[in-house]
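K.L.:
Residue numbers (my numbering), protein chains in the order written: chain B, 1 to 273; chain V, 1001 to 1273; chain C, 2001 to 2273; chain Z, 3001 to 3273; chain W, 4001 to 4273; chain H, 5001 to 5273.
No wet-lab data here; the hints were simulated from the structure.
Once the Cα atoms are required to be at most 25 Å apart in a straight line, the calculated BS3-like pairs of lysine-lysine come out as:
1. Lys242/B with Lys211/B
2. Lys3169/Z with Lys2242/C
3. Lys242/B with Lys1169/V
4. Lys169/B with Lys1211/V
5. Lys3054/Z with Lys4007/W
6. Lys3211/Z with Lys3242/Z
7. Lys4007/W with Lys4169/W
8. Lys3007/Z with Lys4054/W
9. Lys2053/C with Lys7/B
10. Lys5053/H with Lys1007/V
11. Lys1242/V with Lys169/B
12. Lys4007/W with Lys3007/Z
13. Lys169/B with Lys7/B
14. Lys53/B with Lys2007/C
15. Lys5211/H with Lys5242/H
16. Lys3169/Z with Lys3007/Z
17. Lys2169/C with Lys2007/C
18. Lys5242/H with Lys4169/W
19. Lys1007/V with Lys1169/V
20. Lys5007/H with Lys1007/V
21. Lys5169/H with Lys5007/H
22. Lys4169/W with Lys5211/H
23. Lys2007/C with Lys7/B
24. Lys5054/H with Lys1007/V
25. Lys3007/Z with Lys2211/C
26. Lys5007/H with Lys1053/V
27. Lys4242/W with Lys5169/H
28. Lys4211/W with Lys4242/W
29. Lys4007/W with Lys3053/Z
30. Lys2242/C with Lys2211/C
31. Lys4211/W with Lys5169/H
32. Lys2007/C with Lys54/B
33. Lys1007/V with Lys211/B
34. Lys2054/C with Lys7/B
35. Lys1054/V with Lys5007/H
36. Lys1211/V with Lys1242/V
Owing to the predicted nature of the structure, the values given are computational and were not obtained by experimental measurement.
Number of protein chains: 6
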Amino acid sequence: MFYQDGKLQYRVRVERPNPIFARALQQAIGGVEGEIRVMMQYLFQGWGARGPKKYRDMLINTGTEEIGHIEMLATAVALNLEGAPLSMQEDVANDGVAGAVLGGMNLRHILSTGLGATPENCNGVPFNASHVYASGNLMADMYANVTAEATGRVLATRLYGMTDDPGMKDMLSFLIARDTMHQQQWLAVIEELGGSAGLPIPNSFPQSGEKNEFSYAYLGHHKDGTTIPSGRWTQGPSYDGKGQFEPMISEPLGGEPELARPRPDSGAQSEQM
Amino acid sequence: MFYQDGKLQYRVRVERPNPIFARALQQAIGGVEGEIRVMMQYLFQGWGARGPKKYRDMLINTGTEEIGHIEMLATAVALNLEGAPLSMQEDVANDGVAGAVLGGMNLRHILSTGLGATPENCNGVPFNASHVYASGNLMADMYANVTAEATGRVLATRLYGMTDDPGMKDMLSFLIARDTMHQQQWLAVIEELGGSAGLPIPNSFPQSGEKNEFSYAYLGHHKDGTTIPSGRWTQGPSYDGKGQFEPMISEPLGGEPELARPRPDSGAQSEQM
Amino acid sequence: MFYQDGKLQYRVRVERPNPIFARALQQAIGGVEGEIRVMMQYLFQGWGARGPKKYRDMLINTGTEEIGHIEMLATAVALNLEGAPLSMQEDVANDGVAGAVLGGMNLRHILSTGLGATPENCNGVPFNASHVYASGNLMADMYANVTAEATGRVLATRLYGMTDDPGMKDMLSFLIARDTMHQQQWLAVIEELGGSAGLPIPNSFPQSGEKNEFSYAYLGHHKDGTTIPSGRWTQGPSYDGKGQFEPMISEPLGGEPELARPRPDSGAQSEQM
Amino acid sequence: MFYQDGKLQYRVRVERPNPIFARALQQAIGGVEGEIRVMMQYLFQGWGARGPKKYRDMLINTGTEEIGHIEMLATAVALNLEGAPLSMQEDVANDGVAGAVLGGMNLRHILSTGLGATPENCNGVPFNASHVYASGNLMADMYANVTAEATGRVLATRLYGMTDDPGMKDMLSFLIARDTMHQQQWLAVIEELGGSAGLPIPNSFPQSGEKNEFSYAYLGHHKDGTTIPSGRWTQGPSYDGKGQFEPMISEPLGGEPELARPRPDSGAQSEQM
Amino acid sequence: MFYQDGKLQYRVRVERPNPIFARALQQAIGGVEGEIRVMMQYLFQGWGARGPKKYRDMLINTGTEEIGHIEMLATAVALNLEGAPLSMQEDVANDGVAGAVLGGMNLRHILSTGLGATPENCNGVPFNASHVYASGNLMADMYANVTAEATGRVLATRLYGMTDDPGMKDMLSFLIARDTMHQQQWLAVIEELGGSAGLPIPNSFPQSGEKNEFSYAYLGHHKDGTTIPSGRWTQGPSYDGKGQFEPMISEPLGGEPELARPRPDSGAQSEQM
Amino acid sequence: MFYQDGKLQYRVRVERPNPIFARALQQAIGGVEGEIRVMMQYLFQGWGARGPKKYRDMLINTGTEEIGHIEMLATAVALNLEGAPLSMQEDVANDGVAGAVLGGMNLRHILSTGLGATPENCNGVPFNASHVYASGNLMADMYANVTAEATGRVLATRLYGMTDDPGMKDMLSFLIARDTMHQQQWLAVIEELGGSAGLPIPNSFPQSGEKNEFSYAYLGHHKDGTTIPSGRWTQGPSYDGKGQFEPMISEPLGGEPELARPRPDSGAQSEQM
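Okay, chain B solo, but in the shape it has when bound (with noise of 0.2 Å):
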């Protein structure tokens, strides 16, 4: 169950209204690498937790400061579109050329929200949940995890380096330092679960059932089948102490594949029959 205080994590300012990096801005909103997709991503994992329940209580916790962000980051869109141009007529008053603010705003900005933040990203893309990772392996997870604020961080700098406004970079500083500890959040997860013991993943698939000659294989698609660079995964040992890495040149193993000619009553052309 949760709960609220009507207050925002840390403070949004913004000095200088600019409605494009309000559009911008969006991407860490509904945005792949934003925080909505972080907040569904640590609460349905939480919620679907099997296992040792002090997971679930960090994922729900984790998943709850997430809101909060998205809590900023809209606060922060509304405020960027403070005094945003709502006609070509206040456009080329503000800027003198037609469409040079209003062309790059979001127009759902004006049309659909009056000035307010939408679960999109920076393109006008609605969220969609089909990225969210709650798989019911816990490492997996993890690596979900990481993967995730380690593009929100990326992301996070970028919109740093796109701004100037001082309110605007403080915010971000904020934002990217949490980032910075949900990396390691997840890492210390992952250590907690054995690291590299618990590779490959899922560990509890009993390997003898995997086709071990290809295990460790570098395989060379290359077209004319000799040339393999070399690298970490070309040689020594995996990371789950189990295998040594080697290289080998991709062949068929199987043929041609055969599919049974279309029944009659199936739709296919009577030529293909």
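Starting from the structure of chain B, add chains V, C, Z, W and H where the hints point.
P.N.:
What follows is chains V, C, Z, W and H alone, placed relative to chain B:
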């Protein structure tokens, strides 16, 4: 540029076709843990690769392998659909219960493809590219790739458990082995890039730009304001060697947000102005 | 900013787990009538609220309640999946008919989550935020909210009728009660905003700007051009007290549209130019 | 069955074509507040109408009117695109600033349609039918329809404010008037269905089936657990005449959820079992 | 502008309602081969038609017919849902096997519509307008329309084979006939536009602008670099009368791409710079 | 199985990088007329091909070529982004007008990829596979493929016209030539399959199963019930040689539909029952 030879990377046999398993296999084609996603992800990462060239080659090379995995799975779907019921009458004739098989199928396997695979997941939701990561940051991308192969291997082992067809188990044992290797492969790149020395991601952003007092703090959002269960993430050194984890009760650092009243011409209700 | 206590707003018990009912419950999580939608809608309305502050608090407060509803339903899905068949063999063993249960499940409940909920509807379609209303007009938003709670309560009563599990009926009886209240709550805001005096929405647009002869006319588009069945909407005063309903046969007031020929360099076929 | 006459319901003139306004108009075609949505919604409600026949006719009739609104708007988009720049060179020639117009356009207006409308919103996001309500409950549907016409009219008035083209203002003044009427029309059906006597929706579900102590309680989820600001929704009789509003501090009535440990063969990590 | 008469274009009878067939029929409503798609496609082509006016009329006219086809199919879905099980108990009572019917249904037919159609395909995926073609090139559009009617007729014949309900077969025999005609109709426009003289599409682009040595070459991407199986497309004159087909082994004409190193402030990892 | 050589099929040069043209190029990558779509379409058609084997090879072979086209375009996007403004300050410095370039960019090119391509269209809408045709009917698929190459070539010529960069024009002249060939190629298959003798599609369905009186009738849905403009489709022999075109005024052949009243427990409003 790309080439093909019309053969399968590994043999695909189905002894007892099962149209419901055909539906399940679709998750490995078009699901978020599936092969279209990794193919796209590795290729786009490779095509956009800036910096050391060796990674471009590796990414495109493994992306090329993944196209062949989709091919294997699409073949497996088609073979599992051989002899599937095309009508209510056939369905009853086969199983004695109307809807037993037909009701559990992806009906597009009959209606849209004439017993072939689709670029969709197990629920018939079309693949969408919103969750393809190619961030321009190689380290972040590697974590995304480990995630993809970890969840992909979880999926493949679940499919392995779901069927008792020897041909399908054989095919999956190969794909599981490849997922094992690909998890290792991306971890090897992480090692080459410095491992934990590469943290926080992106490591090119000067940490002086973040609010350091929150960079290694685990924030508790528990309602009672006192309980913060401990874990590796509340104590000890951080993995980047730059801080110490600590628990911290989360307090609102920003007050209540203040948005301007709606402008008269912005479409709000008069009572709001 | 948000907080949590790890407990459920109301008890969630399942006496006889039913994986098909787990699928049905997903509609109340990720469907257009579901809880993710209202959570997002109330929070984004609150975060973007301009004008009287009391509504911001109420919207965020009730949005916060809704997060807990998702939590309850996600728990209910997980509990309905306890003991679900993970393989074709288990499926036959349990029910005697292959596919009886497995065929009716959201297979992602096995393949993607390991027996947990997803942010999807009952057909496995991921939640997408395209239908979240936060219009910047409080009155319009309140109608959207009544709609959400009306269709949400219709859904909840249908789920109530679908199951005979006492635990599930108990949980739903709570959610249905909350939907009752929330319908009332948004109607109360409509009353506070002036009720019918707030019509037409938005009431801040001067009606002199609209073609008044069509503002209270029910237009008949019947082919024969004469039949306009009567109803409250063809006679009597309008609800905003500003007009009288009247029936009117719809006639085209604009002629045939005239578009310019395609430009030579615009990609049209030569025959069109 | 449907008919057409090739004419426009109302005249569509554009004096000064503006490709950025063409993009804005798309929101009224394919946006969540747009005409494709209402057309689909009214028609599907009509086609699925069970019960009194008069509503079927009205819904299909007004749905038919809406097709003509899409036609008007598609024409308006095409007319606003007459003379739009097709190349970077033309763009500079027209405005002196590269990208001033082209950068603000929906580029599909050039690349995909050759200067015609698309079934998309103002950000180029294709219409999707996930938010079409046809619930089988007439009262719920009427609230959905008021919502559609309220947000639709808000949108139309914002478009009206955005342009100073007399032709476009004239067209919009007609569409705004129709939205006024349609808001009224659906409210008239609500009155015919008993108004507040129809609450809670659906009124066919016996309220004995709900947990009545929560049916008229406004639950406070404030962190401090004491503050519940008052409003019409915390006091006075409910609108269905069946209860009294009251404020209530929300307490968790369910404990911590208990999910079973993961099954050995379910793809979880060994450390979870 | 559009009109209606409340009647069906052709009779719709269902003798033995079948909720799983109701799900199948949805593909003909909201699937990629379905009627919403053609309705949208023909209408948007008509509304954006530039050039000879006769095609605008024909496109809008046939688009109008298609609205009536959606209506027929929506009616067929509703009739197939009469008497469908609304609960697990009813389901067992009817078929003796829990989930036999309910498990195979689109559960939204119960939960979201109260036994009516939705604007979705047979898997419950909402129609999305991303695949509506209105290219501004009439010839290209005609091929898109033949495609739509060809796949539409394939679908309709598969539905015809799936059912043995005489009413449904009767309805489908009408729709199949219309698809026959509509295939012909668009081919007739292709003839009017010059048939193969209209190739390549668009024929308004001067072929001097293309690399002619590759305009009629069938490129072989076979790994061994020698095998190019022959077909009509490797020999003989091209259909536009402007070239001769020839086989050609594909060789990379561009070298390895060279992208600049990442800029310091672009969010890449330091090791990439 | 697939192979690669790390080189480009054709050279990709950009003399004057243009971030807005980078956005435009995305349509050729992830748009409905783009290369991801044809790659997927040809490969899935090939992988599901039943019947004569030669078509499987050809489809997979050309699908393989298309992967290389995506590669070329992704490279072109990255090269057009070299030197793009990463901040508001850079934007003003470059163009003198804030937002002139940045406002017209796909901001994900900065924020999500660090100056690389995405699998999206020109509006930033992610590719979705809903419109990939692999129908199991070869003739229908060939028309889908002609459509793809026709609209693809229209798109490519529009991009050619939009830019004056010699490198980009050179690259496009190659892609346009390939589209020319691919249009021809699929038409060649249609000829091999019998051309018009293959109509109506599917030709394996006995035409005795369709309502023949409507198979070659052009139905007029004009409101006045008399006007049917003539064209090739209203007179003369049909292309399959089996009928004569004729005009026919469309009359409703079915009456008003009759749906049962809603069931008491189906969630409808009491007034509907």
